[in-house]
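K.L.:
Sequence:
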Amino acid sequence: MTDIVLTRRIDAPIDEVWRAWTDESVFASWFWPSRLDPVYELDARPGGRWRVASPVASMAVGGEFTAVDAPERLAFTWTWEGEAAHTVVEVRLSVARGRSTLLDLTHTGIDGEATAADLRQGWNDCLDRLPSAVGG
1 MTDIVLTRRI DAPIDEVWRA WTDESVFASW FWPSRLDPVY ELDARPGGRW RVASPVASMA
61 VGGEFTAVDA PERLAFTWTW EGEAAHTVVE VRLSVARGRS TLLDLTHTGI DGEATAADLR
121 QGWNDCLDRL PSAVGG
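For the sequence shown, position 30 (counting from the first letter as 1) is numbered 30 according to the numbering used here, and the numbering increases by one without interruption.
What the hints contain is simulated information worked out from the structure, not anything from laboratory work.
Treat the numbers as computed from the prediction; the structure is a model and nothing was measured.
Even glycine gets a Cβ: it sits at the ideal position worked out from N, Cα and C.
Among the hints, a few may not be true.
[Said to hold, decoys possible] What follows is a list of derived Cβ distance ranges for each label pair:
1) Glu64 to Val5: 15 to 25 Å
2) Ala84 to Asp11: 35 to 45 Å
3) Ala85 to Gly135: 30 to 40 Å
4) Ala96 to Ser54: 30 to 40 Å
5) Ala84 to Asp15: 13 to 23 Å
Given these sequences and hints, build the entire structure.
P.N.:
Written as structure tokens, this is what we have:
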């Protein structure tokens, strides 16, 4: 199994970064590229479900929130639609210098380096879009 660990400093207060992960309208503004015409469902509470589907790309991913500890920790399962196996994503936020937020993302339980490389690229693309959603 392979894990992905990414760290970013976001130039926005922790509450705004937290909202970008837990408010469906803000989440929809950065998570998947708009060219995929994604449809979002997000119920950010323990046991709540999340799902992102793209009719353009004919793919969907979703899962269940396992931890929602505002504004520091969010954990959820990650399952591609049509696959039985799932992985786990954990996002940790902490106050950095000034009004910045330190974001640590860990995606665990990935089967194979090729899959991990694809997910790593996807996460980097997502995290590159995140600052524009929070004014950073």
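K.L.:
Decide, hint by hint, whether the structure agrees.
P.N.:
Verification of the supplied hints:
In this structure the supplied range 15 to 25 Å holds for Glu64 paired with Val5, their Cβ-Cβ distance being about 22 Å. The beta-carbon spacing between Ala84 and Asp11, approximately 40 Å, falls within the hinted interval of 35 to 45 Å. In this structure, Ala85 and Gly135 meet the distance hint of 30 to 40 Å, their C-beta atoms being roughly 37 Å apart. For the pair Ala96 and Ser54, the beta carbons lie near 33 Å from each other, so the given range of 30 to 40 Å is met.
The supplied range of 13 to 23 Å is broken by Ala84 and Asp15, whose beta-carbon atoms lie about 37 Å from each other.
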